[in-house]
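Peer 1: Residues per chain are reported as follows:
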Amino acid sequence: MELFAVNIIDGLVTGLLLFMLSSGLTLIFSMMGVLNFAHASFYMIGAYFGYTIALYVGFWPALIIAPLMVGLFGAFVERYGLRRVHQYGHVPELIFTFGLAILIEEIVQFIWGKNQMPFSTPEVLDFAAFSIAAFDIQAYKIFMIFISIAIFGGLLLVLTRTRVGLIIQAALSHPRTVEALGHNVPLVFMGVFGVGAGLAGVAGVIAGPVLGTFPGMAVVLGSIVFVTIVIGGLGSLWGALVASLLIGWVTTFAATYNLEMASLLTAIGLSPPDDMSESLLRDAWTLSLPQVGPILPYLLMVLVLVFRPYGLFGKRGT
Amino acid sequence: MSVPALELRGLRKSFGKTEIIRGVDLSIAKGERHALIGPNGAGKSTLFNLISGRFSPTEGAIRLHGEDISGMESFLINRRGLSRSFQITNIFPKMTVFENVRCALLWPAGFRYSWWQMVNKQAHLTEEADRILDSINLLKRRDVPAGLLAYSEQRALEIGITVGGGADVTMLDEPTAGMSRSETTYIVELIAKVTEGKTLIMVEHDMPVVFGLADNISVLVYGEIIATGEPEAVRADRKVQEAYLGAALEAEEAAGH
Amino acid sequence: MTYFASTGTRGAAAKTDLLKTAMPWIVAAIVLMILPQVFGQSSSITIMNQMWITVVFALAYNMLLGQGGMLSFGHAVYMGLGGFFVMHLMNYIEIYDLPVPLPVLPIFGGLAGMFFAALIGLFQTRSAGTSFAMITLGVGELIAACSVIITAFFGGEEGISGDRTMGLPFFGVEFLHQDEVYYLIAFWMFISVLGMYLFSRTPLGRMANAVRDNPERAEFLGYSARWVRYGSFVASGFFCGIAGALFAVNYEILTEENLNLVTSGTILLVAFLGGVGFFAGPIVGAVLFTLLQTVMSLHTEIWALYLGALFVAVVMFFPQGLTGLIAMHAGPFKLRTMHKLAVPYCKTILPAIISILAVMFMMEVMFHVREATAGDDMMSVMGTEFSSHSPIAWILGTAVAVGGFMIARRNAPALRQSWHEANTPGGGK
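Those protein sequence lines, which keep their order, are chains W, D and Y. Sequential numbering of the first sequence, starting at 1, is according to our numbering. Sequential numbering of the second sequence, starting at 1001, is according to our numbering. Sequential numbering of the third sequence, starting at 2001, is according to our numbering.
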């Protein structure tokens, strides 16, 4: 029971982190029609910038400066890279962001090396906030939850209550109309792309100490983020939230409950083969839930696509 | 009386809460040339899209040669003998003019999804495609990538592709849009030639074209047909004059047509 | 070129037409057979084997991308699955002493690839464009992730390995040597390329092009865009499977790497590099990429960085690929104005190339400074040894890079002008 509560918290942390990434991605897709493969790369750059800046001025200033730098970099990419490729169509745009992701990973490796960076959580938060039975809940995790929620709250406020937010919402679905009304839509695009990148950067700074700061971190998280927005429905913010939390909880729970396929199979009356090493079905017998955990998001995606091709909350034609 | 080529019964279409087509009844006989006119926003394109399968009706029935095709997929409707052109030129820009026309012939010739036959070896395909190219006067542009043609050439190609497959109901969506007087005359002659003996449904804004080509005219205003019948009768109809034609006809008379 | 040869001469005209179209293929076949004689070292054979396998895979991939307009990020799975299947076949042949000669196996690889493509394509081809790309990514990652779990078929971390010499000897050949394998690979590559070329000339192949250009229009010609795409997908899966089988035969081992995103991404780069708009594009891309990768990895550790930069540069500045670039010259070639471009090209492209080389030089220096053990200052580039800490190296490198770039930029407008002239009949002055 206590493990359940711990998993709820852990899953929430993962889910919110995932949402920080998937929300930006789905917003960018909704507005510009481009799926930014390099989104997880912004996440990675955020972590690396955060680490390097923290070395000089500490974690807290890094938390502000690093995302800003990533956001600026994102705006730069949009203005000088994406906008140029946009004229060739959607497929080249996708290929461009894909190539960019590869290039960024190589550059990060070039500058910082292949090893994991010793990015550690700030000492101020390096204690157990409270305990649930035998499990300590790190204060840092609570911090992660609160800051994620705070950022969303802020974004929601900006999008729905401010003038800029209204323009952005309108440009999300009708950019040309908004442009005809005199607003600088290319600037809006650049801004949204930059903010999306900045969001990913924040996620990077926060998650870097916990999930590890290494050149492969974009790839690991990258495909999960795409799976998330496909499950949620391309372009749907609510879908991204639901899917992120779902995947966060599913993967967390799967990792901790060591259910074995073998017990399930014997329960329904089948008996294990005599020679495990030669049997064709040996994998079915040795399978355990933690092993399956990492593929669950993909499995979920395939299932959703078979029954609801546009995702849980997707609209036809996005 | 024989089965009408196309029949619409109580057709309605709403997008969300907005009802665009508000109860349309129409019957078009085989071999008839029918023009659909009306002010902008009346729903002509929507009606076309409903018939050709791009949208499904919210209510009502569409019957092609007596068979209910409401909500059917476009390619299934096309296989039953209905083809259409588009307001914005819709051809295959990266393929040559010849290939564009040949593609229109593939399904009607029965090739289906064949991956074991070479199209270049099918002499009858090549001959038929060249014959169609000749009838739309594009034979000399045969090997040019379609995207490089002039606008009116592309429109002619579009018509060629539309009728090439041999469908007996042809729908043309504003075939003379954006053309000069001389280009329009040329295209109209083309249309008359290639749709000889077939059922033709046309959306048009150009009045001389409409009155010249059509056997019957329907006037669509705010999603409803307010008048349908022979050109002179429609022209004289009070409602039509009030709603639509008046200004257009006056302008014509002033210009001396 | 007349299609209307009169009945009397149709026989003779058809025969010369056939010879004309068959000629490039005959020449290619001869070249393929001679190559190992010309480049006989075992390292050259290795490179060529890798090249031909990549050619098949890249062409099969382009059946989707260039011919069908479908972008897939997970296509490696069909090559991988075909390869794993053939690997198991090879092992069965060995264990049960089956009288099956090795050259026959690629067919089974093709069938395996086709089977999986037929299965997965059923729901993948329901969408197009970006949705399709995302689904291929998810499915690809799913299968790659599953491969670590399903050890029975995929062998887990070590993959599945086998012995190609255990098959029934083929006219006495047991395929122990690299060059024997070369002929097997070259043969199947030739057959596959021919097959894919002929496919593009079938009704399905033509409609695939049409659906790529304008799916809506294709539907109004009686074709379901979805099923046309499915057809391309299945056919592509078949040839991917053959590529996988050739991989299995050549390397005698298949691992999770053959299924993952890196492999899928690489083949995308290869196809794009060569140019997806022409049938021969991926062939050019495969040859060029294999050469680049092999040569670069011998001389530098950061070759992946260069390839990544090349990828982005191609997408941004030359999305039509190498074959597209060459095709751009068709105009000046026909107008016989190619010579007008010669000098401007030299003045712009040469400095640009030198600048790029200088940048690469600087990157190598910087990399060495960071990576080398403390105290080991010496590095060598093209045989010259020097200290990576030497300020001269840094200043020189930066100067050449910047200088070259500026010269190229200054001469670029002249290139544009002469390009315009070369394309205008009559000089255009």
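Hints were generated in silico from the structure; no laboratory data involved. From a predicted model like this one, the values you see are computed outputs, not experimental measurements. Ideal Cβ positions, reconstructed from N, Cα and C, are used throughout, including at glycine. Please note that the accuracy of each hint is not assured.
To spell it out: a stretch of chain Y is covered by chain W in this simulated footprint if at least three of its residues, at any positions, have a beta carbon under 8 Å from a beta carbon of chain W; those stretches are [as the list claims (entries may be wrong)]: (1) 2076–2086; (2) 2222–2234; (3) 2264–2278; (4) 2408–2422.
DSBU-like, lysine-lysine: derived pairs with alpha carbons at most 35 Å apart [as the list claims (entries may be wrong)]: (5) Y/K2347 - D/K1140; (6) Y/K2347 - D/K1121; (7) Y/K2347 - D/K1094; (8) D/K1193 - D/K1239; (9) Y/K2015 - D/K1121; (10) Y/K2334 - D/K1030; (11) D/K1193 - Y/K2015; (12) D/K1140 - Y/K2334.
Peer 1: All hints are to be evaluated individually against the structure, with a verdict given for each.
Peer 2: Here's how the hints hold up against the structure:
{"no.": "1", "hint": "2076–2086", "verdict": "violated (count 0)"}
{"no.": "2", "hint": "2222–2234", "verdict": "violated (count 0)"}
{"no.": "3", "hint": "2264–2278", "verdict": "holds (count 4)"}
{"no.": "4", "hint": "2408–2422", "verdict": "violated (count 0)"}
{"no.": "5", "hint": "Y/K2347 - D/K1140", "verdict": "violated, 41 Å"}
{"no.": "6", "hint": "Y/K2347 - D/K1121", "verdict": "violated, 49 Å"}
{"no.": "7", "hint": "Y/K2347 - D/K1094", "verdict": "holds, 34 Å"}
{"no.": "8", "hint": "D/K1193 - D/K1239", "verdict": "holds, 33 Å"}
{"no.": "9", "hint": "Y/K2015 - D/K1121", "verdict": "holds, 13 Å"}
{"no.": "10", "hint": "Y/K2334 - D/K1030", "verdict": "violated, 51 Å"}
{"no.": "11", "hint": "D/K1193 - Y/K2015", "verdict": "violated, 38 Å"}
{"no.": "12", "hint": "D/K1140 - Y/K2334", "verdict": "holds, 19 Å"}
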